[in-house]
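Enquirer: Please arrange chains B, C, D and E on chain A, whose structure you already have, making use of the hints.
Chains as they are written, first to last, in our numbering: chain A, 350 to 867; chain B, 8 to 115; chain C, 625 to 1117; chain D, 45 to 223; chain E, 22 to 664.
Don't read these hints as lab results, they were simulated from the structure.
One thing to keep in mind: the hints can contain errors.
[As the list claims (entries may be wrong)] A few chain D residues that face chain E, going by a derived Cβ cut-off under 10 Å, partial list only: (1) S132; (2) G137; (3) V140; (4) K141; (5) A143; (6) L148; (7) M151; (8) L152; (9) Y155.
We put the beta carbon where it would ideally sit given N, CA and C, even for glycine.
Residue-level listing of the chains:
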Amino acid sequence: MLLSVITLLPLAFALVMLVLPEKVIRPVALLLAVVEFAVSLLLLTSFDKASPAIQLVEQIPWVPEMGISYFLGIDGLSLWLVILTTFLTPIVVLGSWTAIDNRIKGFHAALFVLQTSMIGSFLAMDAVLFYVFFELSLVPMYFMVGIWGGQRRIYATVKFFIYTMAGSLMMLLAIIYLMFACRDTFGQMSASLLDFYRLKIPFVAGEFLNPQTLLFFAFSLAFAIKVPMFPVHTWLPDAHVEAPTPGSVILAGVMLKMGSYGFLRFVLPMFAEASQYYAWLFLFLGVVGIIYGALVAMVQPDIKKLIAYSSVSHMGYVMIGLFSLNMYGVSGSLYQMLNHGISTGALFLLIGMIYERTHNREIAKYGGLAKALPIYTIIFIIVTMSSIAVPMTNGFIGEFMILLGTFEASRPFAIAAVTGVVLGAVYMLWMVKRVFFGPAGELVRDEHHPLHDLNARELTVMAPLVVLIFWMGLNPNFFLDYSKASLDHFVKNRDNYRLAVSPAQPKLENVAVRGEAQ
Amino acid sequence: MPINPEAWKVGLDHYLYLSSLLFIFGMLGVLMRRNVIVILMCIELMLNAVNISFIAFSRYAESTNGQVMVFFVMTIAAAEAAVGLALAVTVFKKFKEVNIRFFEHLKG
Amino acid sequence: MNPTELITLREFITVVPLCVLFFVSLIPLLIKPFLGGREPNPISVLVWNFLAILAAAGCTGALFGHSYQKTFAFSNAIVLDGTSVWMSYLVYIVTAVGIMLAYDHVATRGRQFTEFCFLMVSSACGMLVLIMSNDLIVTFIGIETMSLCLYILVAMSREQVLSKEAAFKYFVLGSFASAIFLYGIALVYGTVGSTYLPDVATQGVKLISTNRVFLVGAILLITGFAFKVSIFPFHTWTPDVYQGASTPVTAFMSTAVKAASFVAFLRFFTSEAFVAAPHLLTVMTWLAVLTMTVGNVAAILQNNFKRMLAYSSVAHSGYALVGLITAGFGTNYNAAATSLLFYLFSYSLMTLGTFALVAVFERSENTSLEINDLRGVGRKYPWLAMSMTVLMLSLAGIPPTLGFFGKFFVFSSAIEQDMYWLAFWGMINSVVSVYYYLRPIVVMYMSEGEAETLQIGLMTRGTVIVTGLLIVILGILSSPFFRMVQNSVMNQF
Amino acid sequence: MLSSADFLFYFLGLVSLVFGLGVVLFRNPIYSALCLVITMISVAGIFGTLDAWFIAGVQLIVYAGAVTVLFVMVLMLFDLKHEMKTFSKGVIGNGVKLAASGVLLGMLGTYIWATYATEPTFKPLPAAATSSIKATKDLATSLFTTYIFSFEVIGILLLVIAVGAVTLSRITGGTHHAD
Amino acid sequence: MMSNQILFAILLLAPFVGFMFNGIRWKSHNATLAGVVATFAVFVSFVCSLLLVSQLFGANAVPSVGTRFFEWMNVGGLQVQAGFVIDHISAIMVLVVTGVGTLIHMFSIGYMSHDERPSKYFAYLNFFLFNMLLLILGENLLLMFVGWEGVGLCSYLLIGFWFTDSEKAAAGMKAFITNRIGDAGFLLGIFTLFFLFGTVNFSEIIARLPAGGIEMGWTGPMTVACLFLFVGATGKSAQIPLYVWLPDAMAGPTPVSALIHAATMVTAGVYMIVRLNPLFLMAPNALHVVAVVGAATAFFAATIGLTQWDIKKILAYSTVSQLGYMFLACGVGAFGAGLFHVMTHAFFKALMFLGSGSVIHAMHEEQDVRKMGGLRKYLPITHATFFIGWLAIIGIPPFAGFFSKDEILWQTASSPLGHKALWVVGVLTAGITSFYMTRLMCLTFWGKSRVPKETHPHEAPPVMWIPLAVLAVLSTVGGWIGIPKVMLGGEDNWLERWFHHVIAPVPEALGHAVHSHALEWAAMGVSLSFAVIMACLAYTFYVSNPSLPGRLAQKFHGTYRLIYNKYFVDEFYFARIINPLIDASKGLWAYVDVNFIDRTTYVLGDVVRGVGSTAKSFQTGNLQQYAMYIAVGLAVTMFLILR
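So that you can see chain A by itself, here it is in the shape it has in the complex (with noise of 0.2 Å):
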């Protein structure tokens, strides 16, 4: 039950919504937002973090004739994703008490239902189900964009659904295939992620008209476009750049997960022999997607593009680290996956903030800015630091496990990717020298509308990512003891993965069984 309710409580919310008048929304939407985190946290104390198997199973028969279930399960994998997903919502209505001034209805409404989606896709183990989900997502970020974007945001947001759409069919039909694959080899259509890691699809080194080679491909291509990859992430900067504050952080912060955990979810444990076999192609993207995204970065104007090329850099980051293929790379990958969602989030929050008192983004227009705000610049300069993963901060857990996997996977990759290190200190350390440093700036010097410091939701606002920051830079152990079963199965087993289903109410037994081995 606890699943569904998670995945499901936000959808309700979205009706809520819809039905109270303007002036009780913006409280009544915290409250369910923290609710909602609250609920989830519950995850934490139910789940068995010894087991790799997936558990709090539910699984309702969907559309039986074609092998579809409404099949709900966590694991490693996905815990700390759904967690996010459910940290930042709060945040982000609170981060947009005063940014989004019109419609709040219908944008606490999308709000709710974007979250049931991105909870749903990371919970949905049936491959029909994840679709569903992974695109119904595109709706209310599309309307966000649309709706509360800035001036080019109806081009935007097109290109930003047709790219992931686009991408997304041939996952569609990949998705297909696999069913009908699982009726031709067990008797009986599923669309059970479980079944489709059974499945032996064939390979053929070199060759590309294979299915296995295929299949790999349509789905990387869905994924790679969500993450976004390096040849086809121009949407991004677009969407985040005329994405208004709450949806560019939760862009960042969730959506582009969903092609990463999608990657690791389905990519490498399903066609196993083609991804070990095309890493290289997977490595080479990821490294030039973190120096391109870093050296695009480097030159922007505009404060809230150089924060979306950072994420393609940062996401070139969790790219490699999954298609390292080995532990440290791939927890490494998990873990920066939070990480970005909580660094880049806070970025864009803190954009949003500046914005507001300036409605410029102009980095040329600023300067100075650490004399006027103080405490937005002390914690600009802190989330710039985990950004560019100084030790400490969570940042660093993430990178340095990605590096140390693909080290160990390719070491010119590795070094390659290292100088990312770099440029990343260059292009954050740039724009807050631009920003931040030196005399005042055209917009800070403006004597008529004098620059205010964070106000006390703002700093609420900031205080937990702060928090979780250094929490999660400080004691990794705690985040990825949840996490650690489920990956190093994967890792060891991704040849001939295969995931358990544990009872809905494994704690018991499982303590008794283990208290017996001991």
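Expert: Structure of chains B, C, D and E alone, referenced to chain A:
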């Protein structure tokens, strides 16, 4: 044309040739005439051509089914003509125009 | 059969719904003379016609709803099976909605509403014949009954220029296609010796390889069907007629006509004979691909909402044709036919809703609704806009709407039959289609501008919202629906 | 040897073709209508050569009589004063039309020839199995037994068309004027 | 053990608490309170480290004291403990860092008393110390890296402390980014070592070194690892080619320069190499690189120091040069000597920086030595202490610098890893150092006063001069623990005994050291006399005959310009690396993103639109055209099917 004089002996194929020729004539008329009334006539011509095939087939298969069908076809053709002419009259009353080139507002 | 016994009761039962529908709908027409030729109260007309439809639907439900036993009647001229029952329901729904829209719509209400309704119901009768027909000549008669009524319906708009032009184009091209279709029947009849569809199927297996004339006849027939369901390159009438006709008629035409024609096409096409035809599959595949592509790419450039929807409907014919091809050439008829029927259902529902929405925004009979006219609707009419969004997303195939599952099932059956090429193109086309389906949404919600105040007919508005809801609900609960269709199809072959 | 029946066929066929072409080619629609009448009559004759006397009669009455008269009437009603362009223009368009028709004709002819001309069973006309009276009776029987459903539907169709045609003639317009 | 854990906790957390204290009240202007708290925090650390180090002495001495707090990271085979250790190597560092740190903190109380944000300053300084302790005490490479980056961060913040000045902010950024380049190398080194030995723990790495498995080539894993690590060291310790940040780093407050950019942080690279000395000894080629880079840096930085006019810049180049010495020492296998020099250098360079701080303070933020001169009479204490520092750095016995520098030079000459050329460079550098340091003394304290009239230099308050005095004492006596063997009559000095267990001797396989007392005396004499000569020369130049330098500069115009402009290295980096990179990035953005990828998608869209408009143009509205499509479609379909 084959030299073989047998080929000139009338058989099913000759009826079908006739039918197809008439059909194509009708089709050409629909394709090329501009007067809507004439186009309607050409459609009638096409239906007639088909009727020849029906009757010929039915005659050679020694069954009356084909004739029943022709019967139906004729009725429907008449109905079609009625509707078509009624439409034509309605349109003509309004616009005093029967050239099909007049009907090109809807396009693109 | 005993010649003395003209019609057995059992046979008569099969056409009871048809008779009920037709004769009850005649009543208002008969009342009219008694009122001295004045138009009766439109509400009463509406009620009578609803009564007709409800009665017919009730008969269908009561007599055949419980079992999908295949029943032949009238010397096997018609067949009553699950497919017919399901499609009858669809026809009833569409007709009822069409009448409702017509009641509300400026271009159709007025002096001739009685006749309008009568013709619409008669057209529906033609569709019922078409759906049940098991004999090519019956198919032809059904098509003609349906079409002749439609020609008149298209012309019956208060709008003066475009509707007449549309009617004329439709009529001329429709008759032309009928002639071709009829020639096809003649050739098939000549080669097979019968127009009875099972005969065609059994004889065809032999004839297909030996007798080219049979194949020519089949191709002519396919052309005739293709015209009716607007398959490229026989689709050219579609945009013009859909645009020119009054919106209630367009709604009726784009859904019921297409669905009924597709069913007849399916009955003809699912014969083992065609599997053996050498290049038929290739050509049909290409036709499907081209239909989707042409429909979608042309729709992108349209500004007139109805015309855009017309092109989208062409594209949807292409998707449906995928289902038809898999049903015809595939090994798993049941799945493919089910997916086709499901698709037709979902498509009809979405299209009905969309055209109802168009009807909402047409304030006079001469309004030609541009997409940009929807500005500001998102703010002013949130529920309508939301329904519209759902409808558009469903047409684009975004989950979890009905449209997604329609496409999903169709492409599943294509993949099941290893027709990857079709599925691939279908997907590419879906991407293209997203672009123009998003446009109304963009305009409604994101463009600056204020919507005009509308006087919206309650029923039309209701239609929009109900279809919007249904699309989501049936989308999520697609399984029971799918299963019902599947069970009905199971017994067919 | 060609029999007299053959010659009759050729004669009627030629007449129907020539006048059929006339329908298409005459600039004046009245001439076209007259050609259509003659074509219909000769087609009725061809039905006669195929022993379908009843149908031939119906053809004469319905087509040559009713339908064509209707056409002529309408033409008279229109009373076209001004000269109109008879044929569609455009070398390419017309060329394509002719080519398409030619290809169709060619294929129809070829396949008919390949199927039926080479097959001797279709050559001689089989002797009429029954008298024409009997045949007409058979026709009636099958019309009211086997094809009863179609027959009834046709009846309905005619009724509907009657209503429809009347309706069409009384359509009232809106506010819009022809532009 | 428990008490050790608490001691370690206090040792580490005291500066952190100070940081938190000052960080929270960062707006406060109360420099005294902030400074006292910060200084006390560091002093507590110093006391704790003394207590811990004391356990290494005496009868029941332990080889090392360590503790583990918690497991920091545990992924796959990577298990990283938050564990800290004090052994004979880190003991010296920790004492130097906390000791000198205390003094510099104390000095800062006076120096920063008029600053706008003293609390922030002390917070950063404490935070730096915390990170430095992590770096020194961490039991594994990863913890060291944490500190390594942490000190970089603090250095960034402190260099840019007066951030409203764009150039100072830029200097901070430059320092961080340059360090990052090194850090990237360091990371790669960690990776290599981890996959080589399966651990990142220092003691475990050393324990797992293959016995006698010396790698002779260039591509062996240990060589590669050492080279990677050395890249890290060049960044942090400002060696060629990454030294460019250090002179710019003088933009920060002067005590910061003393603490971070002279005494502690910049020596981290040396410390790291010393910590891993058995590993480096396995990779002689890497050591050669270290030695050559060290010697080259020492020489080049010293030459640049000759021409600078900014008092802090001169000291900065001197620091770079001295760091070069330390690497030279490591490179020739004289790790002990390297660390020895770290210590003595910390004393005298901190002394000199603080002295210069005192001068700058007195001169009201004036740093140009051309505007000083004759300050001896205004600042007697500062002059006295600076004088001792000067003696130490130019290597006059018995001041600290003499012993360490002499040890390095002798080892360079005698070690099997050394080379005569390196020794020559070392001696030359010593001479140049002597010259420019004397120049600095002359220009600042001696000779005629060039102080502008409106400036009234005054001696620093006690809170500032007491640290100077303490450091002066240390600079005097600090070297006595490492008196050369020859002077002790062949007996191992204290330092050598101290390092006995932790610093490996150069393996036999690499050859034998030269043991010749005569030679050692001779070498010592040569370098000493050369330094003295150069000092006298400088005195002549800048006090006796002040016009001479100008004339000389005129004569060797080209060379002078080259050296004065620091060999145009910064310009080279900008012109050849940074600007091209920015241009390339703009190009990538404009051409790849906007013009290629987006354009491609637009082209796809245009194709679709093109096809669409073609399809549209077929829809002419002409009915017969439509009929034609039907006919043509039929004909084509039929033809295709029946062909």
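Enquirer: The structure should be examined with respect to each hint, and the outcome stated for every one.
Expert: Here is what the structure says about each hint:
The beta carbon of S132 (chain D) comes within 5 Å of a beta carbon in chain E, closer than 10 Å, and the hint placing it at the interface holds. Evaluation of the G137 (chain D) hint against chain E yields a held restraint, the C-beta minimum of about 7 Å falling below 10 Å. A least Cβ separation of about 6 Å between V140 (chain D) and chain E falls short of the 10 Å threshold, and the interface hint therefore holds. Given hint, K141 (chain D) at the interface with chain E, holds; its Cβ is 5 Å from that chain's nearest Cβ, closer than 10 Å.
Given the 10 Å rule on beta carbons, the hint for A143 (chain D) holds: about 8 Å separates it from the nearest Cβ of chain E. Satisfaction of the interface hint for L148 (chain D) is found here, the shortest Cβ-Cβ separation to chain E being roughly 5 Å, below the 10 Å cut-off. Taken as an interface hint, M151 (chain D) checks out: its beta carbon lies about 6 Å from the nearest beta carbon of chain E, inside 10 Å. Interface hint at L152 (chain D): satisfied, since its Cβ lies 9 Å from the closest Cβ of chain E, which is below the 10 Å cut-off.
Against a cut-off of 10 Å between C-beta atoms, the interface hint on Y155 (chain D) holds, since the closest Cβ of chain E lies about 7 Å away.
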